[in-house]
Each structure stands twice: as C-alpha cells, then as structure tokens.
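> If you want the building blocks of each chain, they are given just below.
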Amino acid sequence: MFKKRLIYVLLYRNGKFCLSRNFRLQTIGDKQWLFNNYNFGYVSKYIDELVILNVEGESVDWSRYFENVQFVLDNVFVPVALGGGIRDLETARRCFEVGADKIVLNTSVHTNPGLIEEVARVFGAQAVVASVDYRREDNRVYIENGKRAVEDQPLEAYLTALQGLPIGEVLLTSIEKDGTGFGFDTETIQRVLPHVQVPLIVAGGAGKKDHFLEVAHLDGVDAFCTANLLNFIGEALPDTRRHLVENAIPLAHFDL
Amino acid sequence: MKVSIIDYGAGNIYSLRAALRKIAPEVDTAYTSNLEELAASDKLILPGVGNFSLAMQRIEALGLRDFLRHQVLERGQAIMGICLGMQLLFEEGTEGGIHPGLGLLPGRVEAFPTGGTLKVPHVGFNGIRVEGDSQLYEGVEHRDFYFIHAYRVRTVGAEVAAIGWCDYGERFVASVEHQNIVGTQFHPEKSQTNGLKLLQNFLDRIPASVPQASAYV
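Chains R and X, in that order, are what the protein sequence lines are.
Heads up: the first sequence begins at 57 in the working numbering, then just goes up one per residue.
Heads up: the second sequence begins at 724 in the working numbering, then just goes up one per residue.
Extracted from the complex, chain R is given alone in its bound form (with noise of 0.2 Å):
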C-alpha cells in the first residue's frame, strides 16, 4: 500500500545541468542536451518523482530556471519539487505557478523557519521538503550549499527540531557521499531514522543498483536519489527499478 520512491535531482546552475561531487559542481550541459543526448525523457519514464534544484546560490536568475524548469516538465510527468535558493514566499509561489508539487527549502529552513509555517499556510505541509547537507566528520549540517556549518547542533538534534515545523518530508544529504557513487551513508541514515516522523528521502553516494536497494530495505526510508548525470547512463536506471521490485521493495508499476 505504502510506495517507496525512485527519485531523480537534477542540479541546475545558470542555464545548464550540472554534477555535483562533494557539492563542487561541474557544468554538463543544457536543457537541449539533457533530452537530445542524454535522453532524459526515456531515462525520466523509470522515475516516480522529480526534483530540479537550483543550486546557483544567492544571484539567482529565476525567469531562467523556472524557463528551464517548464522545458523539463514539458516532458515529464511525474510530481516535481523545485528549490534552492528560495528565501521568500513569494519566489515559493512563482515555483508552484510554473508546476512544482513541492518546494526544497534548504538554509531559509535554519534562516527563516517563519517561511515554512507561511509556505505550508498557503500550500499545506506536504507541499515543503526540508533539505538536510550534513558532514559525518562533524556531524554537522550544512547550509549556504554546504558552505556554512550550524554550529550549534549536532545532526540528531536539527533533525528533531524539525518536526516542530510544518513540514510533508526531509531531504537528507551526505555531503561526503554526495556523487562519489560509493554508496550511501547507510550507518549515518540508521541513526537518524528515529529522529526523523516524516517521510524520508536519502541522498548521496548511490553509483549502483545495489546502493539503492541498501536503503530501500530499511523501514523508514521513503524515497532515495541519484543526482548523478553520469552514474546511470543508458539502461542503468531502468535495470535499478526492475532490481529494486525483484527484490521486493514496494515501487509503483508504470505502464511502458
């Protein structure tokens, strides 16, 4: 009854896709190359949800991203979270007129938690996913595009401060993991399960079929993530889902 989530983030950054490894980026190409090389409308049928974060930073030009955004959604038909760099209601509402489902908040979450009692006010909790960087070294969140610790807290207590907000799920990233396709962080997940009430997403590290069902197994993990362009290529992400429902892990079936 209960699906879990195969789920793709696309990383966006000033007109072009990108990789990210331990959130340093590198450009890959653009929208037209996503679907024409790439072929991300064949890759994006073996998904069950999208999220196309903005990770420009501050300066961001929004007409552009919500421009490449529409071009994505054009073509994919699944729910869509959009964020990144949102700090005001205002640009969240933007996000929701162009076709997003859901908005990531990531640093306004430990900036401004007032923008997601006002966002969930408006379009109800389930539409936030609340985006969590942490280092394992430190065992520190990170905003700012993990620029910037929060000293104040380890992980375990950020994440159940959290539950006192309105929030529909959390987006927990390793960024040690983050595109080095050796696996999530499957010891740091395990502990903060019970710390987390909401749906989880993991995310970090997944460069093989066998990574995701790692996590897949593990009750309380909802929904995993690759924001890897170049980790499943071709059929490497179709032949996961046909892996992951082999091995039981409860996915939604799509017709092909």
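No lab work stands behind these hints: they were computed from the structure.
One or more of the hints may lead you astray.
To be verified - In silico PhoX-like pairs for lysine-lysine, Cα to Cα no more than 25 Å straight-line: (1) X:745 with R:101; (2) R:72 with X:745; (3) X:725 with X:745; (4) X:842 with R:59; (5) R:59 with R:101; (6) R:101 with R:265.
Claimed, not checked - Per the computed footprint, the stretches of chain R lying under chain X, defined by three or more beta-carbons under 8 Å from a beta-carbon of chain X, are: (7) 128 to 141; (8) 151 to 165; (9) 229 to 242.
A virtual CB, placed ideally from N, CA and C, is assigned to each residue, including glycine.
Since the structure of chain R is provided, determine the placement of chain X on it from the hints.
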C-alpha cells in the same frame, strides 16, 4: 478536436496542458472561462486544487454552475474532473460547512479521518482496483496513480458504469465513470505513462452523450 480546461482560478495546470500537448499535439487545447468557447469544445476538463467551497464560489461567480449542469446533463458534453475537480462533480462538499457542488453525480465529499496512524493528506502513488465497465482504464495495464488530497468520496450514490477504488485505511472512490461524466481523484498528469494513457482514453473513448439512467439527482 477541441478540449477546454475550465479556468476558474484553480491553480497550476501547467503539467495538465503539457500532458495534453504530449499525447495529442493535434488537439486544440484552451484554458478559459468563456462560456461560448467552453460550449464549442468537444470535451471539458475541470481541474482543481484547494478548497471546495472557495472553488464553488468562483464557479458560481463565473456562471459556470448552471452552464455546466446544462452542458453536461442536457447537452451531453463530455467532462473530466481531476482531483478537486472530481470532487466538485458531486452533490456536496463538507470542507468548512456543507456546500453544494455541481451535482452531476450523487455523493458527498468528506475529510479523511485524522488522528489515526495514517497521514492526512494522502500523498503519493497508490494502486486502483476498477469495478465495472471502464473506458478510462482500457489498455492501462498498471494502475498506480499519484494522489494528493485530504478529502474523498466514499461512495457514489447510484449505479455508474465504473468506479476505481483505492485503499487508504479505508476504501474510497479514486475514479468514477458515468457515460459522458468522468472524474479522477488522482492526477493523471503526474502519473507517468499510466496517467497519459488514461488521459488519452478520455480523449478517445469518452463520448458526448446525454447521461441516461440512475446516476444523478
């Protein structure tokens, strides 16, 4: 063919329009509240997210309630309601007091019970079991669809051609088909290929017809 999405300020229809463009690029799609344009369309889609009574207020203010009842019940225009749009097809909603809906189908829209173990709203892909003679699901092999809603219809108060049932702690109506009137509680435009096929079936298989028999009030 011309398909009009009814514009009553009900929010985001980007993906719905994109889905129609994708499956039927030759179809002329409009987003309008102009009654003449709606009347001249082959099919209507009633979208919607948000609050039942606010939506009905807007629909009334635009003169759409009587118009749609006439078009659908007397002239037989095909209509598909999606999410809140499906709920509005029924007689009444109970969000913030009892409010009349379009009354094209008998039934009422009520909140999921809260306080239990299941989260409300119901969000995510869920499976459907179809009962009856369905046109909408013809050739749709896999019946998982994307839901996001806090209110639901538990029973349709008369014989209809087909009902899609979904389970979320209890059985509720995920889709309904009665001749020219169809509705889905889920979002076909967010439900991958399953949803695109279902929208295609609405375009191809749901005829204009003056509804007969026992379905409405």
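> Now tell me if each hint is right for this structure.
Do the hints match the structure? See the list:
1. Only pairs whose Cα atoms come within 25 Å are accepted, and residue 745 (chain X) paired with residue 101 (chain R) is accepted, the gap being roughly 14 Å.
2. Between residue 72 (chain R) and residue 745 (chain X) the alpha-carbon distance is near 24 Å, which keeps this suggested pair within the 25 Å criterion.
3. Restraint check for residue 725 (chain X) and residue 745 (chain X): satisfied, since their Cα atoms lie roughly 15 Å apart, inside the 25 Å limit.
4. Proposed proximity of residue 842 (chain X) and residue 59 (chain R) is supported: the alpha carbons are some 14 Å apart, at most 25 Å.
5. A hinted pair counts as satisfied when its Cα atoms are at most 25 Å apart, and residue 59 (chain R) with residue 101 (chain R) qualifies at roughly 17 Å.
6. A hinted pair counts as satisfied when its Cα atoms are at most 25 Å apart, and residue 101 (chain R) with residue 265 (chain R) qualifies at roughly 17 Å.
7. Evaluation of the coverage hint for the stretch 128 to 141 of chain R: fulfilled, as 7 residues show C-beta separations to chain X shorter than 8 Å, against a requirement of three.
8. Note: the stretch 151 to 165 of chain R has 6 residues with beta-carbon separation from chain X under 8 Å; the three-residue rule is met and the coverage holds.
9. Counting residues of the stretch 229 to 242 of chain R whose C-beta lies closer than 8 Å to any C-beta of chain X gives 0; at least three are required, and the coverage claim is violated.
Taken one by one, the earlier hints fail for this structure only at number 9.
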